[in-house]
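Required output: the full structure, derived from the provided sequences and hints.
Residue strings, one per chain:
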Amino acid sequence: MKKILLMGNPNVGKSVVFSRLTGVNVIQSNYPGTTVGFTKGHLKIGKNEMDIIDVPGTYSLSPSCKAEEVARDMFFDEKPDLIINVLDVTNLERNLYLTLQILEKNIPTVILLNMWDAAKRKGIHVNLEKLQEIIGLKVIPAVAVTGEGIKDLVNIIDEITLNKNIKLSKIPKMDDSEKWAFIGEILSEVQKIEHRHPSLLEKLEDASVKPFSGIIIAIIVLFITMQVIIGIGEFLINYILDPLYYQYYGPFITSLVQNSIPTGFIHDILIGSGYEYETSFGLLTTGIYVIFAVVLPYILSFYFILGFLEDFGYLPRLAVLLDSIMHKLGLHGYATIPIILGFGCNVPAMLSTRILEGKREKFIATTLIAISIPCMAQTAVIIGLLGKYGIQYIILIYGTLLILFIVLGSILNFLLKGESPEIFFEIPPYRIPHMETLLKKTWMRVKGFLLEALPFVFLGILAINILYLIGVMGALSNLLSPIMSQMLGLPDQAIDALIMGFLRKDLATAMLAPLNLSPNQLVVACTVLATSFPCIATFVVLIKEIGVKDMLKTVVLMLSVALITGTILNLILNGLL
Amino acid sequence: MITLVELKNGKNATIKKIEGGPGLKNRLEVMNLREGKRIRKTCSAPLHGPVVLEIDGFKMAIGRGMAKKVWVEEI
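Those protein sequences? They're chains Z and C, same order as listed. If you want the numbering used here, it's the 1-based position in the first sequence plus 3. If you want the numbering used here, it's the 1-based position in the second sequence plus 66.
Hints listed in this document are in silico derivations from the structure and should not be mistaken for laboratory results. No experiment lies behind these values; they were computed from the predicted model shown. Where hints are given, some of them may not hold.
[To be verified] So the derived label-pair ranges between C-beta atoms look like this:
1) Z/V543 x C/G123: 40 to 46 angstroms
2) Z/I486 x C/E85: 53 to 59 angstroms
3) C/G89 x Z/L457: 44 to 50 angstroms
4) C/E85 x Z/D178: 31 to 37 angstroms
5) Z/K123 x C/K77: 28 to 34 angstroms
6) C/G123 x Z/F79: 30 to 36 angstroms
7) Z/K6 x C/G123: 34 to 40 angstroms
8) Z/I227 x C/G89: 37 to 43 angstroms
9) Z/I469 x C/G89: 29 to 35 angstroms
[Stated by the list, open to error] Quick list of in silico lysine-lysine cross-link-like pairs, DSS-like style, CA-CA up to 30 angstroms:
10) Z/K420 x C/K135
11) C/K77 x Z/K123
12) C/K82 x Z/K443
13) Z/K176 x C/K74
14) C/K82 x Z/K182
15) C/K134 x Z/K206
16) C/K135 x Z/K331
17) C/K82 x Z/K176
18) C/K82 x Z/K125
19) C/K134 x Z/K195
20) Z/K182 x C/K134
21) Z/K173 x C/K91
22) Z/K123 x C/K135
23) Z/K420 x C/K134
24) C/K77 x Z/K173
25) C/K103 x Z/K108
26) Z/K69 x C/K91
27) Z/K362 x C/K134
28) C/K91 x Z/K420
29) C/K74 x Z/K5
30) C/K91 x Z/K195
31) Z/K176 x C/K83
32) Z/K182 x C/K103
33) C/K103 x Z/K213
34) Z/K547 x Z/K443
All C-beta atoms, glycine included, are put in the ideal place defined by N, C-alpha and C.
Structure representation (structure tokens):
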């Protein structure tokens, strides 16, 4: 089968083109480094079938980070039949450098000039005929988000992959300075720029990175973000999902199971003691409730807001603002992006640490995220458990985690040899998010959550029931009882929850509900759960990203941090310290 | 000639020289930060943070250490 690679600079819209061509949805955002691995898709034009690969963005074929290495390796190893080189037409000069590098390798190439609409707005005019003439290849103007130009692209792909009309560029090999000089010539021939006054958005762009206005904007963004996430989440729970569960689903499923399955092990696993009880822990009662009526609403609101901030282009600016502080923690500003993703789910956060250059930085970033960034699933349950006692308890948990983040970062920065590299990246322009794309992205992430959460939560409930049945839980409780009561001030039963934390943090946190803990005990238990151990999904990604050895170090660190923090919190809250 | 760090906020300048090894030079160059290019310094981020600058309407952030190696002449 023919193979096509989508290549181009970071943040030019390759993933949008990819989705348009293949129908495969991939996460797209407005910042460099959204795609860190590659996604494969399939395109069928009539009987002509081919594979399309969405390659991470790169400025050149000589890489400076892991994501760019992926791009280079794919280019040289995959032996593509066709390259679709996506360019941001508003920044032709820089984009053409990679184009020239690609063209000199003599692989059939199509040039797609994306962001054609933005160029018009900015007063940039490009003479397509002349550009085609100089490069000797077909050049297609496009607005990938709206689909403009994609049809032309498909026609050309069809022609070339059917071995019709293959043209190679006749541009000779050049060294770097010749390349830049040639690009200069091309631009003076094909491009005209009218001067325009900066728009309001452009003024806002500058204000968000300037020291004073930047910090104020960051605080406002943070405040609004939290308000909206909690607002949407609570609304969905109180007015839609809770009523649905308690009035319709719960009674229905409970009576259905009661009427069809005799009491016993299976009955208990399915519905526990019935939908009315927090303690029931049946697959179809508490399991479904926790996922759909406690966690899902917050996942939905979080990813909608995150998607908005991503597509708007705010996150890289936050990265610039926080760069100095992050350096003191052994990281650099761009680590802000994996950290923010971590508040949604630690798994994509670990993957996105690939945009960081060094091994040391990657280790610090993954460790700090695993320890002190609770995922939205866990946050949702924490809000559910402690919200009724007042916001101060939730602040206490997050405050503790923030202190841990800073203290651990400083220690790791001090202990590990080396320095974090300096940041150097493009700050994308602000763009008004495209609603359809934003909703699609939110839906993809929510779907991803459900696909991952449902099996693990079910498995968890099953496992805990079986472990009880064979007496393992009882033995563990006895063994760990001194730690629980003397150090953490928690009852023995909380051990179940801590063990479940290895499988899923949301379910584990929910298991604290029936224990009748005081708010202070809940604070200790939630904090220990958040810090103690990565959930199994994160665990697997961690091994892949940093290797078994570093992962073991991280886990030992996590367990000790969890115990120490839990003990100190317990002592402080009980007035003993 | 002054370095990017010394250049005042809001000023335009032309890049005259980039110090440092071929690795750094190449990294800056592929992002279009090269000798002869006109730039505008937007600001420095708080707490001695990175320098934010604009080339052809595109913004980028560059760490202070790197910015010290970029020599410019104010226009």
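We went through each hint and held it up to the structure:
no. : hint                                : result
1   : Z/V543 x C/G123: 40 to 46 angstroms : holds, 43 angstroms
2   : Z/I486 x C/E85: 53 to 59 angstroms  : holds, 57 angstroms
3   : C/G89 x Z/L457: 44 to 50 angstroms  : holds, 47 angstroms
4   : C/E85 x Z/D178: 31 to 37 angstroms  : violated, 21 angstroms
5   : Z/K123 x C/K77: 28 to 34 angstroms  : holds, 30 angstroms
6   : C/G123 x Z/F79: 30 to 36 angstroms  : holds, 33 angstroms
7   : Z/K6 x C/G123: 34 to 40 angstroms   : holds, 35 angstroms
8   : Z/I227 x C/G89: 37 to 43 angstroms  : holds, 41 angstroms
9   : Z/I469 x C/G89: 29 to 35 angstroms  : violated, 56 angstroms
10  : Z/K420 x C/K135                     : holds, 24 angstroms
11  : C/K77 x Z/K123                      : holds, 27 angstroms
12  : C/K82 x Z/K443                      : violated, 46 angstroms
13  : Z/K176 x C/K74                      : violated, 40 angstroms
14  : C/K82 x Z/K182                      : holds, 19 angstroms
15  : C/K134 x Z/K206                     : holds, 27 angstroms
16  : C/K135 x Z/K331                     : holds, 22 angstroms
17  : C/K82 x Z/K176                      : holds, 27 angstroms
18  : C/K82 x Z/K125                      : holds, 28 angstroms
19  : C/K134 x Z/K195                     : violated, 33 angstroms
20  : Z/K182 x C/K134                     : holds, 26 angstroms
21  : Z/K173 x C/K91                      : holds, 28 angstroms
22  : Z/K123 x C/K135                     : violated, 36 angstroms
23  : Z/K420 x C/K134                     : holds, 24 angstroms
24  : C/K77 x Z/K173                      : violated, 41 angstroms
25  : C/K103 x Z/K108                     : holds, 28 angstroms
26  : Z/K69 x C/K91                       : holds, 19 angstroms
27  : Z/K362 x C/K134                     : holds, 25 angstroms
28  : C/K91 x Z/K420                      : holds, 25 angstroms
29  : C/K74 x Z/K5                        : violated, 53 angstroms
30  : C/K91 x Z/K195                      : holds, 29 angstroms
31  : Z/K176 x C/K83                      : holds, 26 angstroms
32  : Z/K182 x C/K103                     : holds, 15 angstroms
33  : C/K103 x Z/K213                     : holds, 23 angstroms
34  : Z/K547 x Z/K443                     : holds, 28 angstroms
Checked against the numbered hints given earlier, the structure breaks hints 4, 9, 12, 13, 19, 22, 24, 29 and satisfies all the rest.
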